[in-house]
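Each protein sequence line maps, in turn, to chains A and B. Per the numbering used here: the first sequence = residues -18 to 408. Per the numbering used here: the second sequence = residues 138 to 388.
Just so you know, the hints here were simulated from the structure itself, not pulled from any lab data. The reader is advised that the hints may include incorrect statements.
Facing chain B, according to a computed beta carbon distance under 7 Å, are these residues of chain A, among others [as the list claims (entries may be wrong)]:
id : residue
1  : D14
2  : S362
3  : P366
4  : A377
5  : A380
Some chain B residues flagged as far from chain A (calculated, every beta-carbon gap over 10 Å) [claimed, not checked]:
id : residue
6  : P165
7  : M276
8  : L277
9  : R362
10 : I364
Note that beta-carbon positions come from the ideal geometry of N, C-alpha and C, so glycine has one too.
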Amino acid sequence: MAVKKQINTAETEARIDTLTLPQAGWSAASRADAQARLRAMGMPGRRDEYWKFTRPDALVQATAATAEVVNNDEAPLMDGQPCLRAVFVDGVFDADASDDLALEGVEISRLADTSADIHWAQSLHGTLETAGQTPVARPLAALVTAYATDGLLIRVTGNPSKPVNVIYNRTSDNADVMLHHVIKLEQGASLTLLESGPAAARLGTVMEVDVADTAAFHHVRTQGRDHQRVAATHVFARLGTESTFKSFTLTANGKLTRNECVLELTGDDAVAHVAGACVGDGDFHHDDTVFVTHDAVNCESRQVFKKVLRNGATGVFQGKILVKAGAQKTDGYQISQSLLLDGDSQFLAKPELEIYADDVACSHGSTSGAIDEEALFYLRSRGVPEEAATNLLTLAFLAEAVQEIENEDLRADIETRMSGWLERHRS
Amino acid sequence: MLKINNLHVQLEEEDKQILKGVNLEVEPGKVHAIMGPNGSGKSTLSYVLAGRPGYEVTEGTAHLGDVDLLDIEPEERAAAGLFLAFQYPVEIPGVGNMTFLRTAVNAQRKARGEEEMSAAEFLKVIREKAKTLKIDADMLKRPVNVGFSGGEKKRNEILQMAMLEPKMCILDETDSGLDVDAMKLVSEGVNALRDEGRGFLVITHYQRLLDHIKPDVVHIMADGRIIKTGGPELALEVENNGYADILSEVV
Ligand SMILES: Nc1ncnc2c1ncn2[C@@H]1O[C@H](COP(=O)(O)OP(=O)(O)OP(=O)(O)O)[C@@H](O)[C@H]1O
Ligand SMILES: [Mg+2]
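Chain A with its partners taken away, still in its complex shape (with noise of 0.2 Å):
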């Protein structure tokens, strides 16, 4: 980095003060590298450039700040479906009320579960956080990366029947959780992983997945709708040849929400699609930042992100889209919007591009804006009710974020939780 930057050893080291580094068997090592790391780094702060948009206090902060849990009537995607249910309560894995972890095609264990030596999640455990860490830090993912206290670790060698659906429970207003969860897809390989539910009243996650050739990784998740939740999530994808990685999570509610994706491109022909919609009402700050390299050639790389904000909520998009020298044939496409409901709703977008290639294809677009008065008159003409031409128009402009979405059942459910938020914020 160019920039000298004060490292925030005080609050880093009060942050660490109150945690311990687990007792961790074959994760042990990578555990101190990432303590190391995030020492060196030092916790984000409020002047550091990658957070100007977000203020990171309740993120950085020694303890958590209590977040009621909210009982709603939310179930986990995919109810009642085929799959494979992993249950995690207060960040805890929960077997009795998870099914047995046994799926043909998959391999799953616990990171709490520290006798067995896993050879294939040691090498890749860190490791693609680590290569995350440049050109822009991310202490909070080397801080879980060092402290999470359970996960899932998931190799797929073939392509399962049925999702793995994780599925996030808390019962205690101070629950402060750190989860790592460890991906590994080999060639050929496919898995679609869901997460769902409440969490904890301040989440960290890292996500580390690596999609080997011609393995396809899909995940759709929503987070907690309990308001007063903070939670930073990371996802860490490395791609190879003609792999594909889709990843898509809707943001109902939460105070503070910062959901960080990295993405590389390292095999040719690969396709990465990375989406979000979120609805945000009042004391809501919701934060997109993603990094996604291109390295390699004729890749295919999609951003889409539409937040529908009102009652002076945030909506923050940083975006990056950076192609290497020789990652020829590139095509990215980056797409950043947000629908103001009324005056007080802000959204901040910083969209960059960085191109080293001569033969690309690459386009970004922001926007901001109210409902379109004109298509509002014209359904209210067809005798369409304000509120519900609203709604309508609404999910409209979410559409292009939910049709990333494979899944037709998946896309249905997220549409269906969607309307329930435009129905229950009636102002």
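Once you've looked at the hints, dock chain B with the ligands against the given chain A.
Just chain B with the ligands, lined up with the frame of chain A:
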């Protein structure tokens, strides 16, 4: 049926008077046509009746039956039986044509305290009506008016009208952008809806549409007023001589 009395309208944004005392009554079962030079206020009249924001009624009244149109929201006017086929139909990306229409049909039914149309029944009816207007299944699935040609948009307006079965239909230049065959299709669509209980107000610049949709009464609008009213022969006069003679008569 539709009764407009001394309607004065100005723009909300600027102090500009557009309608300067419009008087008009359309009886059930009748077709009235309005012709008039560009900018005379024809679309403004139709928008004000439909309840588009941005206009201020400074004087006068408009009723549909006993319903005071100016007192209620656009969706309530629709439920009361008013329909406007837009001069410029609006594109709505992300909202499927079919979803849009079903939402509209059922919203109106609900507002009138009627039972909603089932998905199956709706599908059956819309397919039938779309077919007569030569609107293919693909157009029904696409987002509302997005990527439709000018003529397709106009046919889509008529399809909406046919599905909603309004009492009072206002057609604002539905003929513009239509080729000869489409004009016939659209006219047939309109004529199929003509019945004793339904009124039409057809805004057009051309006699050709009126060859197909025979009007009972023709009005000429100029500078925010109806300046002349007559039978179908008035439209022929305009077609042959333009507005100059009529305008000079009035002054
Ligand atoms: N929103 C607006 N802002 C400014 N001027 C307006 C607006 N709406 C209408 N006008 C003006 O009011 C007058 C009447 O317009 P209107 O569209 O009603 O005419 P029209 O008779 O339908 O014309 P045409 O035959 O061209 O469709 C025009 O001078 C137009 O420019
Ligand atoms: Mg007009």
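Each hint tested on the structure:
Among the interface hints, the one on D14/A is violated; its C-beta lies about 46 Å from the nearest C-beta in chain B, farther than the 7 Å criterion. Taken as an interface hint, S362/A checks out: its beta carbon lies about 5 Å from the nearest beta carbon of chain B, inside 7 Å. For P366/A, the interface hint holds, the least distance from its beta-carbon to any beta-carbon of chain B being 5 Å, beneath 7 Å. Taking 7 Å as the C-beta cut-off, the interface hint given for A377/A holds, the closest approach to chain B being about 3 Å.
The beta carbon of A380/A comes within 4 Å of a beta carbon in chain B, closer than 7 Å, and the hint placing it at the interface holds. With a least CB separation of 21 Å from chain A, P165/B remains clear of the 10 Å interface cut-off, as annotated. A cut-off of 10 Å between C-beta atoms confirms that M276/B is not in contact with chain A; the least separation is 17 Å. Even its closest Cβ contact with chain A, about 15 Å, leaves L277/B beyond 10 Å, as expected for a residue assigned away from the interface.
Non-interface status of R362/B relative to chain A is upheld: no Cβ of that chain comes within 10 Å, the nearest being about 25 Å off. With a cut of 10 Å on Cβ distances, I364/B stays outside the contact zone with chain A, its closest approach being about 28 Å.
Hint compliance for this structure: hint 1 is the single one not met.
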